[in-house]
Amino acid sequence: MGEAGSHVEGSRLDPWVDSYATRAKNLSASAIRALFAVASRPEVVSLAGGMPYVQALSMDDMADIAAQVVRDRGPQALQYGSGQGDVSLREQILDVTAEVGVHAHPDDIVVTTGSQMALDLVTRTFCDPGDVVLVESPSYVGALGVFRSYECDVVHVAMDDDGLIPEALQQAIDAARAAGKNVKLIYTIPSFHNPAGVTQPAHRRAQILEIAQRAGIAVLEDDPYGLLGFEGEPPRALRADDDQGVIYLGSFSKTIASGLRVGWAIAPHGVREKLVLAAEAATLCPSNYAQLTVSQYLATQPWREQIKSFQEVYRERRDAMLESLQAMMPAGTTWTIPAGGFYTWVTLPEGLDATAMLPRAITELVAYVPGTGFFVDGQGTANMRLSYCYPDPDRIREGVRRLSTVVEAELEIARTFGTAAGTPGSLSGSGESSTPAPDLA
Amino acid sequence: MSHRNVLVLSGGLSPERDVSLRSGRRVADALRSARPEWEVLEADVDASLLPRLREHRPDCVVPLLHGAAGEDGALRDVLETLDIAFVGSEAAACRLAFDKPVASSLVSGTGVAVPEFVVLPQSTFRELGAPMVMEAVAERIGFPLVVKPTRGGSALGVSIVHRSQDLPPAMVSAFAYGDTAMIQRFVAGTEVAVSVIDTVDPDSDADGPRALPVVEIEPEGEMYDYHARYTAGTTAFYCPARLDADVTAAVSEAAVTVHAALGLTDLSRTDLIVDGDGTVWFLEVNVAPGMTETSLMPQAITAAGLSVGEVLAGMVEG
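Each protein sequence line maps, in turn, to chains A and B.
When we follow the numbering used here, the leftmost residue of the first sequence carries the number 1, and every step to the right adds one.
When we follow the numbering used here, the leftmost residue of the second sequence carries the number 1001, and every step to the right adds one.
Incorrect hints may appear among the rest.
[Stated by the list, open to error] Footprint (simulated), chain B over chain A, 3 or more residues, beta carbon under 8 Å: (1) 35 to 46; (2) 354 to 363; (3) 412 to 418.
[Said to hold, decoys possible] Some chain A residues near chain B, calculated using beta-carbon distances under 8 Å: (4) V8; (5) E9; (6) G10; (7) D14; (8) V17; (9) S19; (10) S30; (11) A31.
[Said to hold, decoys possible] Far from chain B, by Cβ distances over 10 Å, these chain A residues were calculated: (12) A21; (13) V54; (14) V70; (15) Q79; (16) S88; (17) D131; (18) N182; (19) Q213; (20) A215; (21) E233; (22) S258; (23) V271; (24) L284; (25) Q379; (26) R395.
These are calculated hints, taken from the structure and not from any lab test.
All C-beta atoms, glycine included, are put in the ideal place defined by N, C-alpha and C.
Take these sequences, add in the hints, and give me the full structure.
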């Protein structure tokens, strides 16, 4: 048996609770996050996660590449590397970015552990607590988490079906400056937006660049999906038309494999110097093994063909998603039409709350991400993000069928009680605590 | 029998899956530490479970599933059908305990105070008109009141309602977790949890259910909700509770009474409120109490000078 009984006087079960930084306050248990634990079960059709469909790769080829890297370049692959990243990979990255019109010198590139790390490095380099970062409405939850962790003042700017609205951007800059605030970054995902699924047309990109240049504010362009369009040429990146005002973030997570964790930033000289030092402080260097694997893949595999293959997979799934939504969702439900990427952004009929509805959806074995996770200010209650990247078309159709019954039931309740569903305290929250972990399908 | 083959079940499909997985991992580790010679395996509850149970036939199953199937008796019915021993209450008792109105009614018959409540399915509101039904209920129960799903744990779907305009959204929130809701008078006071174990007391050799030290819960906010339950640092715990000796005795006795009245076995945790007058009010009872790092029963076990591994091992051996 155990020792003598121990008394507990006011224990909060964490001796460090008074030592944490204020910014750690948001890092807490969330009932929404817990619901996603159920979504990982095979019975549940998950339209919630953002996992790329890496099964489309040839695993035999990937095994050969991994073996070649260790056999031929093992001592380098298993050793520390440059904080800026492997120089041969940086040269190859420029072949990839040329597809979206971005040309640069290999020295302008900093290789990072996924573009998520680049987001972190840029934010820590630019932002003091209280500095304003302008983001889209909605915005990528992983970016919001980074901005909040550096105690930035995140301000959402309105979007429409063509993405960020230039007039709203100008107004947000003016309002922030009128309030005496320091606007440091304009964060945008111009192509195949996560979570909104929309893409900025060329004329709008030009307007956004002009506003940013006039205001002297750096644009942080996040472009993980740029090569995953379903029609025509890839959209031309903002960075292609402004090499001094735009910091461009790219990633191999969607075009090769997310598990390799290789991304990059392309930045003007002065910024890049600071990013390299910040990167060394954070991780010393990105994984040499992963970098050389990517480098070997790009050197030996028909990567452009593989990207086309990914495009086909995701286009078929996008079509299944949109056709199912059109056929099954109750009147009053609307959604965006993504021309690429992984997601569509759904707006529920008036009076419904996607967060409050989630437990019912989980019970009916379908999962989505409530819209509030993509805002820092409580917006998005009527929205949800549906992803079509991982489930096959039949599963997507079944998922939407289940979701439509959930929405119907929720409408019935809203009619009965004549009210929008309330989001109880236990389901409140935004950002990373109310969205799934990265390993949810 | 020194060597045993024990299967810890956790996970499932309820909204409390995550909590259950954490409980399961913790208990499995505790059992391995307490009985290194045992084979302690863990499993989720899915289509692979029955073939696994038939093939490997564990000597004992430790069900740590929270929410439906795990606590409503369904899984235990299956184990009983397969004639596989398990720790915890039998299926029939679980069915009574898991349904909050049924348990409340049974407990009320034992003399333990139960806050007044009304139980209404969603269809009643639809058929009779929600505004009139809510008005009648609010008039009867009075504000503040508590709205909760009749089945389920971790305070999911539970709201404290102070004003009539907040009642409809609270009802909708509860109905997100089930078709029937319980509307209950809110009792202000000291919130306590009393764990009961049903093993031989090593000090006295006495058998039968006995209460472990009372845990007092002091959440930061008004409610001991999901966030407060599973985020270390957001709730202060006192064990033993800061209650007078006679009140401590009363809450302990109430928990043992609940355990016995519902025919529970091995372990349970009863949640109670002590109001300003010292009256002990029953809220609910759990047949598969949480065993996570922030859960209440492990705190009570530790305060009693016991260990989770030894207590659970004793139940497996018993």
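Evaluated hints:
no.: 1; hint: 35 to 46; in the structure: holds (count 7)
no.: 2; hint: 354 to 363; in the structure: holds (count 7)
no.: 3; hint: 412 to 418; in the structure: holds (count 6)
no.: 4; hint: V8; in the structure: holds, 4 Å
no.: 5; hint: E9; in the structure: holds, 6 Å
no.: 6; hint: G10; in the structure: holds, 5 Å
no.: 7; hint: D14; in the structure: holds, 4 Å
no.: 8; hint: V17; in the structure: holds, 3 Å
no.: 9; hint: S19; in the structure: violated, 10 Å
no.: 10; hint: S30; in the structure: holds, 7 Å
no.: 11; hint: A31; in the structure: holds, 4 Å
no.: 12; hint: A21; in the structure: holds, 13 Å
no.: 13; hint: V54; in the structure: holds, 24 Å
no.: 14; hint: V70; in the structure: holds, 34 Å
no.: 15; hint: Q79; in the structure: holds, 36 Å
no.: 16; hint: S88; in the structure: holds, 43 Å
no.: 17; hint: D131; in the structure: holds, 28 Å
no.: 18; hint: N182; in the structure: holds, 33 Å
no.: 19; hint: Q213; in the structure: holds, 44 Å
no.: 20; hint: A215; in the structure: holds, 39 Å
no.: 21; hint: E233; in the structure: holds, 44 Å
no.: 22; hint: S258; in the structure: holds, 23 Å
no.: 23; hint: V271; in the structure: holds, 37 Å
no.: 24; hint: L284; in the structure: holds, 31 Å
no.: 25; hint: Q379; in the structure: holds, 18 Å
no.: 26; hint: R395; in the structure: holds, 17 Å
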